[in-house]
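Residue numbers (this note's numbering), protein chains in the order written: chain A, 1 to 418; chain B, 1 to 418.
Hints are computed from structural coordinates only; laboratory data are not their basis.
Treat the hints loosely; a few may be bogus.
Think about it this way: if two alpha-carbon atoms lie no more than 30 Å apart in a straight line, the pair counts; the simulated DSBU-like pairs of lysine-lysine are [claimed, not checked]: (1) A:K303 / A:K9; (2) A:K219 / B:K183; (3) A:K401 / B:K112; (4) B:K65 / B:K401; (5) A:K15 / B:K219; (6) A:K401 / A:K112; (7) B:K401 / A:K112; (8) B:K245 / A:K112; (9) A:K65 / A:K401; (10) B:K219 / A:K219; (11) B:K219 / A:K183.
Model, not experiment: these values are computed from the prediction.
There are 2 protein chains.
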Amino acid sequence: MSLREELLKQGRAAKEAAQVLANLSTDVKDKVLEAIAGKLVNSKREIMEENNKDLKAGEAAGLSKALLDRLTLNESRIEAMAEGLRELARLPDPVGEIMEMPRRPNGLQVGKMRVPLGVVGMIYEARPNVTIDAAGLCFKAGNAVILRGGSEAVHSNRILVQAAAGVLQEFGLPPGCIQLVSKTDREAVSILLDMHEYLDVLIPRGGAGLIQRVINEAKVPVIQTGIGNCHVYIDEGADLDMALKIADNAKTSRPGVCNAVETLLVHQELAREYLPALFALLKKKEVELRGCPRACQILPQIKRAEESDWHAEYLDYILAVKVVESLDEAIRHINTYGTKHSEAIVTHDYSRSQRFLREIDAAAVYVNASTRFTDGNQFGLGAEIGISTQKLHARGPMGLKELTTIKYVILGQGQIRE
Amino acid sequence: MSLREELLKQGRAAKEAAQVLANLSTDVKDKVLEAIAGKLVNSKREIMEENNKDLKAGEAAGLSKALLDRLTLNESRIEAMAEGLRELARLPDPVGEIMEMPRRPNGLQVGKMRVPLGVVGMIYEARPNVTIDAAGLCFKAGNAVILRGGSEAVHSNRILVQAAAGVLQEFGLPPGCIQLVSKTDREAVSILLDMHEYLDVLIPRGGAGLIQRVINEAKVPVIQTGIGNCHVYIDEGADLDMALKIADNAKTSRPGVCNAVETLLVHQELAREYLPALFALLKKKEVELRGCPRACQILPQIKRAEESDWHAEYLDYILAVKVVESLDEAIRHINTYGTKHSEAIVTHDYSRSQRFLREIDAAAVYVNASTRFTDGNQFGLGAEIGISTQKLHARGPMGLKELTTIKYVILGQGQIRE
Chain A
1 MSLREELLKQ GRAAKEAAQV LANLSTDVKD KVLEAIAGKL VNSKREIMEE
51 NNKDLKAGEA AGLSKALLDR LTLNESRIEA MAEGLRELAR LPDPVGEIME
101 MPRRPNGLQV GKMRVPLGVV GMIYEARPNV TIDAAGLCFK AGNAVILRGG
151 SEAVHSNRIL VQAAAGVLQE FGLPPGCIQL VSKTDREAVS ILLDMHEYLD
201 VLIPRGGAGL IQRVINEAKV PVIQTGIGNC HVYIDEGADL DMALKIADNA
251 KTSRPGVCNA VETLLVHQEL AREYLPALFA LLKKKEVELR GCPRACQILP
301 QIKRAEESDW HAEYLDYILA VKVVESLDEA IRHINTYGTK HSEAIVTHDY
351 SRSQRFLREI DAAAVYVNAS TRFTDGNQFG LGAEIGISTQ KLHARGPMGL
401 KELTTIKYVI LGQGQIRE
Chain B
1 MSLREELLKQ GRAAKEAAQV LANLSTDVKD KVLEAIAGKL VNSKREIMEE
51 NNKDLKAGEA AGLSKALLDR LTLNESRIEA MAEGLRELAR LPDPVGEIME
101 MPRRPNGLQV GKMRVPLGVV GMIYEARPNV TIDAAGLCFK AGNAVILRGG
151 SEAVHSNRIL VQAAAGVLQE FGLPPGCIQL VSKTDREAVS ILLDMHEYLD
201 VLIPRGGAGL IQRVINEAKV PVIQTGIGNC HVYIDEGADL DMALKIADNA
251 KTSRPGVCNA VETLLVHQEL AREYLPALFA LLKKKEVELR GCPRACQILP
301 QIKRAEESDW HAEYLDYILA VKVVESLDEA IRHINTYGTK HSEAIVTHDY
351 SRSQRFLREI DAAAVYVNAS TRFTDGNQFG LGAEIGISTQ KLHARGPMGL
401 KELTTIKYVI LGQGQIRE
């Protein structure tokens with residue numbers, strides 16, 4: 001069987017499974033999630049053995065320490081995956097809710113019912129925990145899922161999906177509910193991008209290269225995730241201490257994630273006081289600053305930023321710094337260079353806070369808080385499958401509700417249209 | 001300037017205009033809509049003159065009577081377009097609403113604000129009134145719009161957009177708010193499909209050929225609209241009179257639209273009684289029936305349906321008819337052949353009505369009413385830009401709210417993440 005035939009077969013199986021899943025009771029779904037959690041914990045040894053194969057191959061292939069760390073499944077990480085599934089089981093089921101049901105003048109009741117999307121395709125890279133997170137979220141929201149993980153995690157992903165498949169079988173559920181693409185080569189991605197007959201949505205999670213390829217090739221509706229060139233703007237008159245803490249937290253609490261800040265903008269009135277303090281604070285954490293000409297005047301020891309720095313998603317201990325003349329310039333800069341992910345202002349001024357909230361075009365816009373909060377758990381969604389940076393369907397962290405759609409349900413008593 | 005350069009220039013102008021539009025007050029937007037309405041009414045003569053050029057060209061090109069009718073702008077149709085704009089002005093502005101704002105344990109207020117999508121691309125065919133409807137809806141929802149109408153309506157579309165442009169200028173608004181693509185050749189569509197830097201969404205309205213092309217080529221997020229292979233299922237024990245009226249209305253009240261029924265399914269228990277009555281009723285209206293083998297046994301005078309009939313969107317006085325053994329068979333048939341548009345059951349049975357509502361996968365699912373109600377006005381949305389048959393972002397009739405997205409707005413007091 002060619003890879004295409006195999007994937008089309010998986011697509012058909014997923015579509016059939018999706019019809020079963022759409023009508024599964026919450027009780028059964030939650031029991032399945034808890035059973036998978038139990039199975040993961042009981043299979044720790046086998047999972048770690050398989051994971052070890054990936055780690056050895058990764059070392060041999062010269063993966064960076066950071067990548068090898070992301071790839072690693074130890075006891076506590078397996079426990080954390082299982083706990084994630086148990087938490088999902090405790091979250092309310094979004095499916096089946098009828099949200100509103102106004103009565104029309106002719107007596108028709110026109111309601112909106114929340115229903116699963118159908119079949120979700122996930123394309124992602126190194127981290128094997130995404131396999132379980134995504135499978136659990138899709139399952140709870142009543143969707144079948146086809147997972148295409150990275151080649152680095154192939155053994156880990158296989159054993160994790162096997163564990164889930166065993167539980168599905170125990171419950172008499174079709175294996176099409178949760179499937180892993182057997183091959184991890186690029187061709188598999190191309191075929192998935194083409195499978196609009198079977199996939200209702202594709203969610204790519206990974207670097208800019210993957211996302212761009214998906215946008216260029218996909219015939220399936222796509223939800224873009226995760227590229228974050230985020231900004232913090234320090235307004236004139238801002239509380240200096242708050243402005244330092246927020247910038248520090250947004251940059252250094254976890255520099256490798258998409259909601260970390262990459263460029264700091266500071267109002268010219270505050271720059272002379274603020275920038276040296278920021279420099280001193282971030283120097284301790286070995287953050288490299290790159291400045292605009294005015295920032296370099298104030299901090300002659302730092303490197304000059306180039307045009308490419310304003311576009312950069314460093315995901316590293318680097319921060320670009322720019323002095324701006326006004327809120328207008330800050331808004332213009334962010335709307336020009338930002339990736340519409342997370343943007344923050346630190347200010348004491350009410351009307352400027354309101355302008356920032358309204359005029360910045362991004363998934364999450366903050367007043368006086370760190371951009372690092374853009375996250376499903378932090379926003380109270382319970383869990384997330386990714387952070388959408390596009391505008392269609394879902395924007396920002398995507399939880400269970402964002403994995404559903406609606407259908408109109410209309411109750412009549414024989415109404416016909418004139 | 002090449003067509004591509006021209007379109008990219010329009011894209012840039014739209015993107016700039018979108019920033020202005022996103023922050024325009026409801027008052028100004030409503031005044032602009034009313035002014036465009038006034039201008040249309042005052043320019044009736046010129047509009048009809050330009051429309052006449054299109055009609056003459058259409059006649060020369062041998063367009064069908066139905067198409068020529070759809071192309072025609074007479075006094076009352078111009079009045080109707082103007083009245084549509086005035087109605088839009090009276091609808092509530094969706095933009096800026098903050099829908100919910102829970103307080104998180106750390107004191108952050110996390111809210112969702114409704115905001116415009118940005119730049120909308122519309123690709124549509126013959127009817128020039130779509131130009132004004134789409135421009136008005138996009139404008140009220142705070143979006144810039146790039147309109148690519150059909151070649152048949154080129155003169156009409158130009159004068160209509162000119163009227164709108166004149167009003168925009170009077171109000172000091174950028175012309176990028178509402179733009180028409182100057183060329184109507186296929187190349188213009190290809191370029192639009194590629195313009196993901198400038199367009200936030202593309203909405204194609206037209207035949208299956210256009211929709212398929214858009215799905216295959218688009219790099220811009222697309223909302224599919226309008227293909228409707230709709231079904232009415234007559235359940236055992238249904239009220240015969242209601243079942244006849246609903247089938248008749250769904251087929252003959254306007255056969256050329258997407259929410260008209262194309263296949264009727266009837267439970268075997270009722271078929272012998274129902275089908276002859278249906279045949280007699282629809283014969284008067286010159287509807288051709290095409291039946292499955294069992295339907296043809298009952299009605300030997302009708303043509304046999306072929307496999308392609310179950311897939312057909314006739315948009316004509318033709319109805320495929322199939323006798324089914326059970327509700328299960330009806331659901332399976334609809335979920336196999338339907339286009340996920342509008343599906344109806346006529347029944348007296350509570351539990352079967354509930355199963356139909358839950359198990360049918362479509363944008364609008366009806367109990368005891370005609371499928372013809374799937375329409376923005378009928379559902380109480382006020383106006384619609386199309387009917388989405390996909391699951392992402394919007395499903396069913398799309399009104400003003402469906403032309404918006406959300407952004408998270410987060411109010412803090414210096415919170416940082418641990």
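We went through each hint and held it up to the structure:
no.: 1; hint: A:K303 / A:K9; result: 55 Å, violated
no.: 2; hint: A:K219 / B:K183; result: 26 Å, holds
no.: 3; hint: A:K401 / B:K112; result: 14 Å, holds
no.: 4; hint: B:K65 / B:K401; result: 36 Å, violated
no.: 5; hint: A:K15 / B:K219; result: 25 Å, holds
no.: 6; hint: A:K401 / A:K112; result: 14 Å, holds
no.: 7; hint: B:K401 / A:K112; result: 14 Å, holds
no.: 8; hint: B:K245 / A:K112; result: 26 Å, holds
no.: 9; hint: A:K65 / A:K401; result: 36 Å, violated
no.: 10; hint: B:K219 / A:K219; result: 8 Å, holds
no.: 11; hint: B:K219 / A:K183; result: 26 Å, holds
The structure is inconsistent with the numbered hints 1, 4 and 9, although it conforms to all the rest.
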